[in-house]
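J.: Can you build the whole structure from these sequences, using the hints too?
Spelled out from the first residue to the last, the chains are:
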Amino acid sequence: MPIVSYREALNQAMREEMARDERVFLLGEEVGQYNGAYKVSQGLLKEFGPWRVVDTPIAELGFCGLGVGAAMGGLRPIVEVMTWNFALLAYDQIVNNAAKLRSMSGGQLHCPVVFRGPQGAAHQLASQHSQVFESTYAFVPGLKVCVPATPRDAKGLLKTAIRDEDPVVFMESEVLYGTKGEVEDGELLIPFGQAEVARDGGDVTIVAWQKMRFVALKAAELLEREGVQACVIDPRTLRPFDLEAVLASVARTHRCVVVEEGWPWMGSGAQIADSIQRHGFDDLDAPILRVTGRDVPMPYAKPLEHEVLPTPERVVEACRRVLYRSP
Amino acid sequence: MRREIHESFVRRNGHDVHGEELTPFSQRPAAHRPEKEFPLERVLADDGSADLARSHLPQERLLPLYRLMVLNRALDERMIQLQRQGRIGFYIGSIGEEATVLGAAEGMAPQDWIFPCYREHGAAILRGLPLAKFLCDLLGNAGDLMEGHQMPCHEAFRPGRFASISSPIATQIPQAVGAGWAARIKKDDMVPLVYFGEGATSANDFHTGLNFAGVRKVPVVFVCRNNGWAISVPRERQTAAVTFAEKALAYGMKGERVDGNDLLAVYEATRLARARAAAGEGPTLIECVTYRMEGHSTSDDPRVYRPAELVDPWRKKDPILRLKGHLVWRGLLSESEDAAIRDAVAAEIQAALREAEALPSKPPLESLFDGVYAQPLWQQREQLEELRSAVAADPRVARLRGEG
Chain Z
-15 MPIVSYREAL NQAMREEMAR DERVFLLGEE VGQYNGAYKV SQGLLKEFGP WRVVDTPIAE
45 LGFCGLGVGA AMGGLRPIVE VMTWNFALLA YDQIVNNAAK LRSMSGGQLH CPVVFRGPQG
105 AAHQLASQHS QVFESTYAFV PGLKVCVPAT PRDAKGLLKT AIRDEDPVVF MESEVLYGTK
165 GEVEDGELLI PFGQAEVARD GGDVTIVAWQ KMRFVALKAA ELLEREGVQA CVIDPRTLRP
225 FDLEAVLASV ARTHRCVVVE EGWPWMGSGA QIADSIQRHG FDDLDAPILR VTGRDVPMPY
285 AKPLEHEVLP TPERVVEACR RVLYRSP
Chain X
942 MRREIHESFV RRNGHDVHGE ELTPFSQRPA AHRPEKEFPL ERVLADDGSA DLARSHLPQE
1002 RLLPLYRLMV LNRALDERMI QLQRQGRIGF YIGSIGEEAT VLGAAEGMAP QDWIFPCYRE
1062 HGAAILRGLP LAKFLCDLLG NAGDLMEGHQ MPCHEAFRPG RFASISSPIA TQIPQAVGAG
1122 WAARIKKDDM VPLVYFGEGA TSANDFHTGL NFAGVRKVPV VFVCRNNGWA ISVPRERQTA
1182 AVTFAEKALA YGMKGERVDG NDLLAVYEAT RLARARAAAG EGPTLIECVT YRMEGHSTSD
1242 DPRVYRPAEL VDPWRKKDPI LRLKGHLVWR GLLSESEDAA IRDAVAAEIQ AALREAEALP
1302 SKPPLESLFD GVYAQPLWQQ REQLEELRSA VAADPRVARL RGEG
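Protein chains in written order, with the working numbering: chain Z, -15 to 311; chain X, 942 to 1345.
FYI, nobody ran anything at the bench for these hints, they're computed from the structure.
Note that beta-carbon positions come from the ideal geometry of N, C-alpha and C, so glycine has one too.
The reader is advised that the hints may include incorrect statements.
Restricting the straight-line Cα-Cα distance to at most 30 Å, the calculated cross-link-like pairs of lysine-lysine (DSBU-like) are [stated by the list, open to error]:
#	chain 1	residue 1	chain 2	residue 2
1	Z	LYS30	X	LYS1128
2	X	LYS1127	Z	LYS23
3	X	LYS977	X	LYS1158
4	X	LYS1127	X	LYS1158
5	Z	LYS23	Z	LYS286
6	Z	LYS202	Z	LYS23
7	X	LYS1195	X	LYS977
8	X	LYS1265	X	LYS1074
9	Z	LYS164	Z	LYS202
10	X	LYS1074	X	LYS1303
11	X	LYS1257	X	LYS977
12	Z	LYS23	X	LYS1158
13	Z	LYS30	X	LYS1127
14	X	LYS1128	X	LYS1195
15	Z	LYS30	X	LYS1158
Covered by chain Z, according to a simulated footprint, are these stretches of chain X (three or more residues, beta-carbon under 8 Å) [stated by the list, open to error]:
#	segment
16	1081 to 1088
17	1096 to 1108
18	1317 to 1328
T.: Below is the structure:
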């Protein structure tokens, strides 16, 4: 199977979908001439022309609104935001309009649009560039939220997102754009709400997505040295969420740790822990623990940033605690 | 090199590249004179006469539009009463602004999408929304097209290409531009019409929407319903600009300022703007100068912030009286015919209300959960089941919920 980068995988997804369906078009800052702030739209302007690869003025609110209107007008827009940090301006269009249009109109109108771009810390970019907003979108009924970790998931989920009839918030990661992995050529559709077992094991379940999937896998390696087999589950989409897969693993391991990059209070991990205890209380032999980013705006200083982000060591420590093991 | 820079500095500050002397900044005249460049365009004179060479509204459309204006007014008055009686939760109307609402919608083609603000029910009715259906929306009952999900006066009507009304101010503006862009990509002959109040011109969405439309010459018609008031904030506190139409200049598009109480003028301006947009000449911003005769909505009492003396002069400029004067001048309407129209309209509203109120008060529970996504997620299915069993388990709950 060909080895491609996360960035190329996203590019393939858009190229294939734009070639397949002429209603699909891309708009956002720097997506055309510049080939994308992170080069995700490389070559698309040349291939599809300026009508379908549209450089917009710097106005997240405006071009996300444009995407909503174009979707209502019968197209399948992909709106690229340079970073989700700056797309807070567009929260009104995404939450108050895109997410509610189907319900508000009694099903007369709907809004098949994909909002995509990177989120999360990317090495010393401080508080306004390092935020994880997946929970704020996954909170909203009417939206679907993807958080792919691997190039294969990036491609397969984006193609599914573009074909979806509902608005999709597609979270990417700046530090994953250059990572490589096996990705099928051509058609690849990964359904929403289907978790992937990134590593199997019967002693403890670790739920982690996007960058945290790799933190969890590293932790699993460290745990293996102690004779502990961790099962790492990547939900891949936070809404819909594959609760069954997580419950099935917890039924075997009886212990669970949820890892997320974002802030702890009201984070996605809190909801996941609640769902597990509600549906799988009798399977649990220990409280569910969470490993999260610290409850502070992200600092710039490298050693401080390191203290804020979840590390494999912190995940190992949490797993030891749910296993009642001392180091 | 240093000398070249110095010379270029002198050149820039003293003379332009052609050697002409430049005016010092302190003495430069104002860029333009808005009241001269954007005069208030009118077709209907105060006495009801009109220069018919300046009006292209087909004569056979005059009476139907007059009837719709009368209906719109009577509907608003009746619904405000209904809200006061507690029969509906909220109402927001367009009393005094009917010519702007209907003239603009009439100036578009049937295939054009309308992106409304929240005072354009008249336009939805013009596009075929049955009156009883509109009333079902106010009641939020089983006959409501929005299935009881959306608040009163926030209707969507897909068959009439009338997009969903959104409460946050100005969000419909970039959406209309997006729909215009979609039409251009699909090569459809479709030009969206978007309505907004003058207050919306202060919002980010206004700027981003008009900016993009101007840059890309997107086919769209922007209608600014300048009714003088954004709840309690008068237009002078909304902008320091003399007119709203002049804002078009900065976006590189055509601006028009018309008498918003003159149906023929609004129609004419919109028709021409649509033709230019369809011909690839880009968007137009039309400022319709009108007046909000009543409160912002039923949640507002304008007497606390607006002296009656400000409103009184506008009573003589009532758009319905203006059009009536014109119809009389053209010999198309007599007093008795006018009275007959008003009676018929009142009866129509009464009949529609009876029809709407006869329907069950509760829309189906299922649509609340099924209508969030194309296919409900397990969360919605789970919650619907929970709710169903709660209702089934306790008949008192069922009665309280209006099912008894």
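J.: With reference to the structure, classify each hint as holding or not holding.
T.: Right, here's what the structure says about each hint:
For a cut-off of 30 Å, the pair hint linking Z:LYS30 to X:LYS1128 stands: about 21 Å separates their Cα positions. Between the alpha carbons of X:LYS1127 and Z:LYS23 the distance comes to roughly 27 Å, so the proposed pair stays at or under 30 Å and holds. Note on X:LYS977 and X:LYS1158: the hinted pairing holds, with a Cα-Cα distance of about 26 Å set against a maximum of 30 Å. For the given pair, X:LYS1127 sits about 16 Å from X:LYS1158 by alpha-carbon distance, which is consistent with the 30 Å threshold.
For the hint linking Z:LYS23 to Z:LYS286, the alpha-carbon distance of about 26 Å falls within 30 Å, and the restraint holds. Between the alpha carbons of Z:LYS202 and Z:LYS23 the distance comes to roughly 28 Å, so the proposed pair stays at or under 30 Å and holds. The straight-line distance between the Cα atoms of X:LYS1195 and X:LYS977 is roughly 15 Å, inside the 30 Å bound, and the hint therefore holds. Taking the CA atoms of X:LYS1265 and X:LYS1074, the gap is near 28 Å; set against the 30 Å cutoff, the hint holds.
With a C-alpha separation of about 17 Å, the suggested pair Z:LYS164 and Z:LYS202 falls inside the 30 Å cut-off, and the hint holds. Under the criterion of a C-alpha separation no larger than 30 Å, the hint pairing X:LYS1074 with X:LYS1303 is consistent with the structure, at around 15 Å. For the hint pairing X:LYS1257 with X:LYS977, the CA-to-CA distance comes to about 25 Å; that is within 30 Å, so the pair holds. The suggested pairing of Z:LYS23 with X:LYS1158 holds, with an alpha-carbon distance near 27 Å, which does not exceed 30 Å.
Among the hinted pairs, Z:LYS30 with X:LYS1127 is consistent with the structure: their alpha-carbon atoms are about 19 Å apart, no more than 30 Å. Restraint check for X:LYS1128 and X:LYS1195: the C-alpha separation of about 23 Å stays at or below 30 Å, so the hint holds. As the CA atoms of Z:LYS30 and X:LYS1158 are separated by approximately 22 Å, the hinted pair is consistent with the 30 Å bound. Counting residues of the segment 1081 to 1088 of chain X whose C-beta sits closer than 8 Å to any C-beta of chain Z gives 4, which meets the bar of three, so the coverage hint holds.
Counting residues of the segment 1096 to 1108 of chain X whose C-beta lies closer than 8 Å to any C-beta of chain Z gives 7; at least three are required, and the coverage claim holds. For the segment 1317 to 1328 of chain X, the stated coverage by chain Z is satisfied: 4 residues place a CB nearer than 8 Å to a CB of that chain, which reaches the threshold of 3.
The structure fails none of the hints (numbered hints given earlier).
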